Amino acid sequence: MYGFGVLKTLGIAFYHFVLTYVDDVKMGFGKRYTPEHLPERQGVEGRGIYTVRYPKERLPLPERSRNHPFLVYIEETGKLKCTACGICAQACPVQCIWIERAKDPETGKPLSYPAAFHIDQGLCIGCGMCAEFCPFDSIKMDIEYENASYTRPGFVGIEELKKPESYHARIHPTDYAREMEEKRLKEERKRKAAAAKAAKAKAAAAKKEAAKRPPDKTS
Amino acid sequence: MAETPQEAVQLKGIPQETFQALQERFSEAVQPARYEGVVVPAEKIVEVVRFLRDELGYIFLSNLTATDYLDVKGVEPHIDVVYHLFRMQGGYAALHVEIPRELEKAHLPSVTSLFPSAMLQEREVYDMFGVKFDGHPDLRRLLMWEGFDGYPLRKDWKEVYYEGETKPYRSRYPKGGHPIYAEELSPLKDNIRYPEGWSPQAWDYDEADRLLYERMLSAHRDPDKPLKTDEMIINFGPHHPSTHGVFRMAVRLDGETVRHLEPVFGYLHRNHEKIGERNTWIQNIPFTDRLDYINGMTNNWAYMVALEKLLGWEVPERAEYIRVIVGEFSRIVNHMLAAGFFSNELGLYFTGSLYALEEREHILDLFEALSGARMMFNYMRPGGVRYDLPEGWLEKAKALAYERIPRKVEQMAHFLLDNDVVKARTMGVGVLPPDVAIASGITGPVLRASGVAYDIRRAEPYSLYDQLDFDVAVRTHGDAYDRLAIRFDEIWQSLRILRQVLENIPEGPIVAKKPSHRLKVPAGETYGRIEAPKGELGFYLVSLGKFNPYRYHIRSTSLLNLTALSDMTRGLKVADIVTVLGSIDLTMGEVDR
Chain A
1 MYGFGVLKTL
11 GIAFYHFVLT
21 YVDDVKMGFG
31 KRYTPEHLPE
41 RQGVEGRGIY
51 TVRYPKERLP
61 LPERSRNHPF
71 LVYIEETGKL
81 KCTACGICAQ
91 ACPVQCIWIE
101 RAKDPETGKP
111 LSYPAAFHID
121 QGLCIGCGMC
131 AEFCPFDSIK
141 MDIEYENASY
151 TRPGFVGIEE
161 LKKPESYHAR
171 IHPTDYAREM
181 EEKRLKEERK
191 RKAAAAKAAK
201 AKAAAAKKEA
211 AKRPPDKTS
Chain B
1 MAETPQEAVQ
11 LKGIPQETFQ
21 ALQERFSEAV
31 QPARYEGVVV
41 PAEKIVEVVR
51 FLRDELGYIF
61 LSNLTATDYL
71 DVKGVEPHID
81 VVYHLFRMQG
91 GYAALHVEIP
101 RELEKAHLPS
111 VTSLFPSAML
121 QEREVYDMFG
131 VKFDGHPDLR
141 RLLMWEGFDG
151 YPLRKDWKEV
161 YYEGETKPYR
171 SRYPKGGHPI
181 YAEELSPLKD
191 NIRYPEGWSP
201 QAWDYDEADR
211 LLYERMLSAH
221 RDPDKPLKTD
231 EMIINFGPHH
241 PSTHGVFRMA
251 VRLDGETVRH
261 LEPVFGYLHR
271 NHEKIGERNT
281 WIQNIPFTDR
291 LDYINGMTNN
301 WAYMVALEKL
311 LGWEVPERAE
321 YIRVIVGEFS
331 RIVNHMLAAG
341 FFSNELGLYF
351 TGSLYALEER
361 EHILDLFEAL
371 SGARMMFNYM
381 RPGGVRYDLP
391 EGWLEKAKAL
401 AYERIPRKVE
411 QMAHFLLDND
421 VVKARTMGVG
431 VLPPDVAIAS
441 GITGPVLRAS
451 GVAYDIRRAE
461 PYSLYDQLDF
471 DVAVRTHGDA
481 YDRLAIRFDE
491 IWQSLRILRQ
501 VLENIPEGPI
511 VAKKPSHRLK
521 VPAGETYGRI
531 EAPKGELGFY
541 LVSLGKFNPY
551 RYHIRSTSLL
561 NLTALSDMTR
571 GLKVADIVTV
581 LGSIDLTMGE
591 VDR
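Going down the list, the protein sequences come from chains A and B.
For what it's worth, the numbering used here labels the leading residue of the first sequence as 1, then goes sequentially.
For what it's worth, the numbering used here labels the leading residue of the second sequence as 1, then goes sequentially.
FYI, nobody ran anything at the bench for these hints, they're computed from the structure.
Any given hint might turn out to be false.
[Claimed, not checked] Which residues of chain A face chain B? A few of them, derived with a C-beta cut under 7 Å, are:
id	residue
1	Thr-9
2	Gly-11
3	Ile-99
Just so you know, these numbers come straight off a predicted model, no measurement behind them.
The beta-carbon is built from N, C-alpha and C at its ideal position, and this holds for glycine as well.
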């Protein structure tokens with residue numbers, strides 16, 4: 001029957017409208033808008049009102065959420081983890097990373113830290129390639145998203161880019177745990193290798209000793 | 001044939017029996033090409049294409065593009081026009097036509113008389129390479145404006161902020177201590193060329209549209225019209241709110257009836273393909289996200305399918321499962337949005353689209369937890385995917401796919417499909433007959449709504465689709481209503497696929513081997529395609545064995561689906577144009593590239 005479909009459609013829209021209040025009544029007025037209820041309201045089971053009142057409420061970000069890159073430095077020494085290998089600058093799809101390698105002022109030999117590190121924040125597309133290919137885990141993606149400014153951000157240098165390792169550990173717990181695990185394994189391997197080397201040296205020395213001894217005996 | 005290994009290698013890109021049939025018919029004229037397919041002389045191309053279409057069943061001219069070979073070792077400089085023709089099942093035939101680079105000599109016969117799908121693609125090749133197609137009814141520039149100097153995809157053309165042939169640029173490391181903005185490095189004045197005697201001040205902007213309006217006035221004119229009424233040209237867009245971005249339609253109206261329509265685009269053109277040639281293979285992945293920005297995942301996937309074909313890499317099973325999961329979720333997002341925004345275009349302002357956006361947010365939350373971004377995923381890598389599934393992801397995905405989405409989709413389907421107003425506005429509007437659809441290169445839901453059961457997931461299964469149980473959704477009327485309804489049918493099929501993959505996902509590695517940031521790809525060429533939510537999305541890649549693609553072409557779904565827009569709207573009322581356009585479902589980021 002013509003017109004019935006329109007009523008049905010309006011019914012669906014009305015149903016959506018009513019659901020909001022049903023959930024309100026169920027949970028008690030006002031309670032639904034507390035941060036604790038946010039996941040419920042936004043979750044798979046959520047039925048009624050859906051929006052997040054943004055500056056007052058914020059959705060939790062997943063760990064892999066990414067925005068602009070930052071450089072990790074170690075708090076105790078204040079040194080960057082970056083070794084100026086240049087892989088991030090090569091991997092960057094928009095080529096917004098500029099690195100100058102430090103040089104020994106006397107010999108002119110290149111050193112393993114950057115003298116300058118610039119990122120064009122206006123150009124960066126936040127793809128995360130630099131963090132993905134960095135072999136030293138020294139460039140990471142930030143979760144900070146409120147970057148609006150009145151002026152063009154332009155180039156930012158080491159001072160603006162560097163953030164402590166504890167910050168990285170806080171925002172990327174899983175990634176940091178993996179790094180620590182890798183570091184531990186590496187050290188273990190190193191220790192084992194050192195131990196094996198020492199044992200080998202000891203054995204060689206003993207052998208040498210043993211080789212030396214017979215003439216001693218005969219003499 | 002194919003007794004020696006060398007011959008077998010040469011016959012990539014064309015089935016053996018097709019090659020034999022071609023050799024029997026055309027004898028020496030058809031020769032195996034360097035990498036894939038066969039080389040056909042320019043004067044024989046129409047004949048060969050007709051033979052393939054009529055006698056061997058190659059009914060889809062899927063992709064038509066060109067490559068400019070300049071400064072390649074062992075190759076005479078020439079422009080290589082390539083055609084990829086498909087049968088309903090089983091492989092493609094790649095035809096190459098080699099023509100000289102000189103502008104006055106660069107021309108070949110047009111195949112538009114056989115395949116209307118070449119209409120836009122030949123215009124694009126003319127626009128980008130300066131190759132003229134004899135016999136094309138409407139050879140104008142497609143993306144650039146009339147009067148633009150140069151042909152952007154030729155190898156000797158340099159863009160405005162030109163820095164070097166290929167990335168990574170030398171200035172970034174190790175001496176990048178004094179960065180400079182691109183515009184300081186190469187100001188417009190140094191690198192922009194105007195045609196001789198042309199000045200921006202004296203330029204009459206009507207000149208840019210002169211050819212368009214000439215075409216508008218002449219096409220499909222009926223000299224025996226009983227009433228000699230005046231016809232009027234109006235421009236619909238480029239900033240019309242219902243055009244999904246900046247898209248313009250020039251419409252010639254007789255009263256309220258559409259006599260002829262020409263789509264005009266290129267307002268979002270950013271020379272994506274040239275950027276792709278400058279980038280390394282890996283650097284292209286984040287750029288593909290920005291093509292059809294609603295379906296970043298499937299764009300990544302299509303590029304990976306083509307790249308893995310070139311590399312010859314296998315993908316681990318778990319990675320394939322993850323790809324299918326995100327691909328099908330992406331299809332649900334796309335179809336819900338298409339249906340939702342279609343209701344916008346009918347004047348059901350924002351109720352339907354907000355129902356769709358609500359579900360999309362849930363799926364985007366999943367994607368964000370997986371890849372780190374909501375739309376620009378940059379998730380897939382050659383040989384696998386970037387990240388493994390995070391903890392608790394599968395449970396969330398299951399809850400969504402089993403409970404919430406079915407519930408909401410059903411509501412939305414009732415909301416739109418049972419609505420009398422929607423029915424009255426869409427039934428019988430913009431009918432696309434199946435033969436026209438096939439010849440026009442239309443793919444995806446739009447083709448299947450016309451009664452052609454052609455789905456690449458079934459016709460040429462990639463990834464896991466040969467092991468999965470699902471049906472190809474088909475509707476038969478080919479009108480706007482069926483194009484709307486088929487999207488809901490496909491969502492149900494996607495949910496069916498999700499049910500299978502979410503339950504059976506195996507443990508294991510997610511990437512075959514970690515790709516280097518400077519990936520070297522063996523020399524060769526390939527055309528890889530997948531069934532993206534909007535239709536066939538293909539990537540044509542040419543590698544010379546270096547770090548960068550030599551040619552990177554996207555067979556864009558939305559662009560090809562626009563080919564028949566003019567035919568579909570002819571004879572309709574002006575209010576129905578938006579209905580037809582909305583039912584095609586296009587993204588301008590992909591059309592303009």
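Here is how each hint holds up against the structure:
Annotation: interface hint on A:Thr-9 holds; nearest CB of chain B at approximately 4 Å, less than 7 Å. This hint is violated: A:Gly-11 has a C-beta 9 Å from the nearest C-beta of chain B, more than the 7 Å allowed. Among the interface hints, the one on A:Ile-99 holds; its C-beta lies about 5 Å from the nearest C-beta in chain B, closer than the 7 Å criterion.
Going down the numbered hints, you'll see the structure goes against just number 2.
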